[in-house]
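If you read the protein sequences in the order shown, they are chains A and B.
1 is the number of the first residue of the first sequence in the working numbering; add one for each residue after it.
217 is the number of the first residue of the second sequence in the working numbering; add one for each residue after it.
Hints listed in this document are in silico derivations from the structure and should not be mistaken for laboratory results.
Positions of the beta carbon are idealized from the N, C-alpha and C atoms, including for glycine.
There may be inaccurate statements among the hints.
Said to hold, decoys possible - Rough simulated footprint, nothing fancy, chain A against chain B, three-plus residues with beta-carbon under 8 Å:
1) 218 to 229
2) 434 to 445
Said to hold, decoys possible - Coverage of chain A stretches by chain B, computed from C-beta distances (three or more under 8 Å per stretch; other residues unrestricted):
3) 68 to 75
4) 91 to 104
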Amino acid sequence: MIALENVSFSYKKWVGVTDVNLVVKRDEFTYIIGPTGSGKTTLMRLIYMDLFPDNGRVLINGYDTSRIKNRHIPRLRQNIGMIFQEYHLLSDRNLFANVALPLHVMGIKRNEIKETVAEILNEVGLYGKESHYPNELSGGEQQRACIARALVKRPEIILADEPTGNLDPITAYDLMELLDTINGEGTAVFMASHNYTLIRDRGHRIIQIQEGKLRA
Amino acid sequence: MDKFLFLVGEGFKNLWRFKITTITSIISVFMTLYLIGILFTIGDNSQKLIVYLRSKYKIEVFFKQEISDTKAQKLTQEIQKIPGIRSATNINRADAARIFKQQFGEDILTLLETNPLPASCVVNISRTQSSAIDIAPIIAEIKKIDGVDEITFQGRLISRIERYYDLLFKTLTGVAIVILLVTISIISNTIKLTFYIRADLVKALKLVGASNIFIKIPFIIDGILQGLIGALLASAALYGTIFAGNHFIAAMTNRIRISSDLFIGLWLTIVAVLIGMIGASRATAKLLK
Numbered sequence: 001m002i003a004l005e006n007v008s009f010s011y012k013k014w015v016g017v018t019d020v021n022l023v024v025k026r027d028e029f030t031y032i033i034g035p036t037g038s039g040k041t042t043l044m045r046l047i048y049m050d051l052f053p054d055n056g057r058v059l060i061n062g063y064d065t066s067r068i069k070n071r072h073i074p075r076l077r078q079n080i081g082m083i084f085q086e087y088h089l090l091s092d093r094n095l096f097a098n099v100a101l102p103l104h105v106m107g108i109k110r111n112e113i114k115e116t117v118a119e120i121l122n123e124v125g126l127y128g129k130e131s132h133y134p135n136e137l138s139g140g141e142q143q144r145a146c147i148a149r150a151l152v153k154r155p156e157i158i159l160a161d162e163p164t165g166n167l168d169p170i171t172a173y174d175l176m177e178l179l180d181t182i183n184g185e186g187t188a189v190f191m192a193s194h195n196y197t198l199i200r201d202r203g204h205r206i207i208q209i210q211e212g213k214l215r216a
Numbered sequence: 217m218d219k220f221l222f223l224v225g226e227g228f229k230n231l232w233r234f235k236i237t238t239i240t241s242i243i244s245v246f247m248t249l250y251l252i253g254i255l256f257t258i259g260d261n262s263q264k265l266i267v268y269l270r271s272k273y274k275i276e277v278f279f280k281q282e283i284s285d286t287k288a289q290k291l292t293q294e295i296q297k298i299p300g301i302r303s304a305t306n307i308n309r310a311d312a313a314r315i316f317k318q319q320f321g322e323d324i325l326t327l328l329e330t331n332p333l334p335a336s337c338v339v340n341i342s343r344t345q346s347s348a349i350d351i352a353p354i355i356a357e358i359k360k361i362d363g364v365d366e367i368t369f370q371g372r373l374i375s376r377i378e379r380y381y382d383l384l385f386k387t388l389t390g391v392a393i394v395i396l397l398v399t400i401s402i403i404s405n406t407i408k409l410t411f412y413i414r415a416d417l418v419k420a421l422k423l424v425g426a427s428n429i430f431i432k433i434p435f436i437i438d439g440i441l442q443g444l445i446g447a448l449l450a451s452a453a454l455y456g457t458i459f460a461g462n463h464f465i466a467a468m469t470n471r472i473r474i475s476s477d478l479f480i481g482l483w484l485t486i487v488a489v490l491i492g493m494i495g496a497s498r499a500t501a502k503l504l505k
């Protein structure tokens, strides 16, 4: 599902990742841990093809960074749900409009959008808050909204970049439970975190990254 | 269809969400289009004036004494074929004597017992071409015809009128092009500004898999709407100005009237929609590279 083969990427002034080899299977929950600046976000950006490797290649659901055309990247991203530490919710739209955005992009009909959004908000525990604006939601609720937006298109992969970074421990724990449930339903989750204590006892695969290199 | 409605809705929402920048842009579009409309009206009216003046241009061609009326008729037909000539009217010797009598009150045949007046023709030149008319090549062509004795025309006056008209036409075209480019730039910058303000939306759209064209369309619709509103306001103001101008002139004289193209509003709207579209496409193309 996700395969990185000898991937290296450098920014102008510093190294992003070096010679990364990694395979994430369907239904797998994978944590990538490492200190700030170790290359976790670079890895995420390489996976959703916001960056392209200087060497090696990234393969996602049959798309190959060495061959993909720019016009195919949106289609690739429609199959990946993304969650960030900074929620990236649109402050001038209510919860419903924020969550419905990916469905509009995919050209889903209005009636279907209404049903799907209601269903997903129910799943993440935000049902009844459709008309609330992001600033009317707590940090945990905003992150759930972000998850709802990532999940609403029923992606095969969820990429979560430090999703608990801005949350208190209890809310962070609830969020981890939610991601576990999502993974249990068949979605591969690839999550970056620097909070080892939060993930160590969850029984999932953990990969360590340091100075751009993966450690066993 | 739902996708299309969503994009159109987003375009309208952009307009509403960024009222201040939108109003500034609409005012700029309004002012520039109004100016273009005024320039167009000046150009249109001066074109009508030049057509009228050209209808007054007269070239008189006198044939040699020995040329018979029949031959003069043939030479007149030959002159009519020269490019740039609208019509040539033959005046035979008898007609010339009649004209003489009308103008001087004397019958030349009674005075001299013979008619010394040659056959001639009066030439009118084409009057509807938009570029300046150069009278010299026409005169040169007429002179080449065997049997032509003398040509009289208001050469200096005609070339002066044509030179001024040409200068006016070129100036108006140049100013209109500059104004159009400025308007495109204004719309383009407004859209760029909106684009920067909406960086969060653009980022969110990219993350959820929106194509560049999907991201661009609402901004292009925004640009078109700005152009459209500006054009409607400019058309109304232009018609108002022409109406007021005619009202003012009518108080002084009823011989002159500013004529207006009925479709000028439509033309301005088409121009505005095009520049709105070009401006927005230009801005988004640069930012989505």
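Comparing the hints with the structure gives:
no. : hint       : verdict
1   : 218 to 229 : holds (count 3)
2   : 434 to 445 : violated (count 0)
3   : 68 to 75   : holds (count 3)
4   : 91 to 104  : holds (count 5)
Consistency with the previously given hints fails for number 2 only.
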